[in-house]
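**Student:** Sequence:
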Amino acid sequence: MDVNLGDMQKRISEETHHALTELSTNAGYPITETLSGSGDLGQVLVDAIKKYDMDLVVCGHHQDFWSKLMSSARQLINTVHVDMLIVPLRDEEE
Numbered sequence: 006m007d008v009n010l011g012d013m014q015k016r017i018s019e020e021t022h023h024a025l026t027e028l029s030t031n032a033g034y035p036i037t038e039t040l041s042g043s044g045d046l047g048q049v050l051v052d053a054i055k056k057y058d059m060d061l062v063v064c065g066h067h068q069d070f071w072s073k074l075m076s077s078a079r080q081l082i083n084t085v086h087v088d089m090l091i092v093p094l095r096d097e098e099e
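Numbering (the numbering used here), first residue to last: 6 to 99.
Since the hints were derived computationally from the structure, they do not count as laboratory data. No residue lacks a Cβ here, since even glycine has one placed at the ideal position from N, Cα and C. It is possible that some hints are incorrect.
Said to hold, decoys possible - Each computed EDC-like pair below joins lysine to aspartate or glutamate, with the alpha-carbon atoms no more than 20 Å apart:
{"#": "1", "residue 1": "Lys55", "residue 2": "Asp12"}
{"#": "2", "residue 1": "Lys15", "residue 2": "Asp45"}
{"#": "3", "residue 1": "Lys55", "residue 2": "Asp45"}
{"#": "4", "residue 1": "Lys15", "residue 2": "Glu27"}
{"#": "5", "residue 1": "Lys56", "residue 2": "Asp88"}
{"#": "6", "residue 1": "Lys55", "residue 2": "Glu38"}
{"#": "7", "residue 1": "Lys56", "residue 2": "Glu38"}
{"#": "8", "residue 1": "Lys56", "residue 2": "Asp45"}
Unchecked claim - Here are the in silico distance ranges between beta carbons for each label pair:
{"#": "9", "residue 1": "Asn83", "residue 2": "Lys15", "range": "28 to 36 Å"}
{"#": "10", "residue 1": "Ile82", "residue 2": "Asp12", "range": "31 to 39 Å"}
{"#": "11", "residue 1": "Asp58", "residue 2": "Leu10", "range": "32 to 40 Å"}
{"#": "12", "residue 1": "His23", "residue 2": "Asp45", "range": "23 to 31 Å"}
{"#": "13", "residue 1": "Leu10", "residue 2": "Tyr34", "range": "32 to 40 Å"}
{"#": "14", "residue 1": "Met13", "residue 2": "Val87", "range": "28 to 36 Å"}
{"#": "15", "residue 1": "Val92", "residue 2": "Gly47", "range": "26 to 34 Å"}
{"#": "16", "residue 1": "Gly11", "residue 2": "Arg79", "range": "26 to 34 Å"}
Model the full structure from these sequences, guided by the hints.
**Tutor:** Given below as structure tokens:
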């Protein structure tokens, strides 16, 4: 099986950008920036916080809220030194 990871990452990035654009358009609140990144999430957020002078980061969380929150979000809480709002997201099947 031949998988071109570059093409796959590009497609995922385009789909993410489209979904974020649609979400921000329908939010009913003025959203000035939507960001998507790859790599070390903590460092990506720290860089974006500095670049855009953010004072609040809002994150969606797909997995079981309490069990997964402490593993993935704990790193962010310790790395990102601005207020964070972590919102549990339901999958469409639920």
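**Student:** It remains to establish, for every hint, whether it holds in the given structure.
**Tutor:** The hints, checked one at a time:
1. Note on Lys55 and Asp12: the hinted pairing is violated, with a Cα-Cα distance of about 30 Å set against a maximum of 20 Å.
2. With a C-alpha separation of about 18 Å, the suggested pair Lys15 and Asp45 falls inside the 20 Å cut-off, and the hint holds.
3. Taken as a hint, the Lys55 and Asp45 pair is honoured in the structure, with Cα atoms around 16 Å apart against an allowance of 20 Å.
4. The suggested pairing of Lys15 with Glu27 holds, with an alpha-carbon distance near 18 Å, which does not exceed 20 Å.
5. As the CA atoms of Lys56 and Asp88 are separated by approximately 16 Å, the hinted pair is consistent with the 20 Å bound.
6. Under the criterion of a C-alpha separation no larger than 20 Å, the hint pairing Lys55 with Glu38 is consistent with the structure, at around 14 Å.
7. Proposed proximity of Lys56 and Glu38 is supported: the alpha carbons are some 12 Å apart, at most 20 Å.
8. Restraint check for Lys56 and Asp45: the C-alpha separation of about 17 Å stays at or below 20 Å, so the hint holds.
9. Between Asn83 and Lys15 the CB atoms are about 32 Å apart, so this pair conforms to the stated range of 28 to 36 Å.
10. In this structure the supplied range 31 to 39 Å holds for Ile82 paired with Asp12, their Cβ-Cβ distance being about 35 Å.
11. Range check, Asp58 to Leu10: about 34 Å between beta-carbon atoms, so the 32 to 40 Å window is met.
12. Distance hint check: the CB atoms of His23 and Asp45 are about 24 Å apart, consistent with the given range 23 to 31 Å.
13. In this structure the supplied range 32 to 40 Å holds for Leu10 paired with Tyr34, their Cβ-Cβ distance being about 36 Å.
14. Checked against the hint of 28 to 36 Å, the pair Met13 and Val87 passes, with Cβ atoms roughly 32 Å apart.
15. For the hinted restraint 26 to 34 Å between Val92 and Gly47, the CB-CB distance of approximately 18 Å leaves it violated.
16. The beta-carbon spacing between Gly11 and Arg79, approximately 32 Å, falls within the hinted interval of 26 to 34 Å.
Violation of the numbered hints given earlier is confined to hints 1, 15; the remaining hints are satisfied by the structure.
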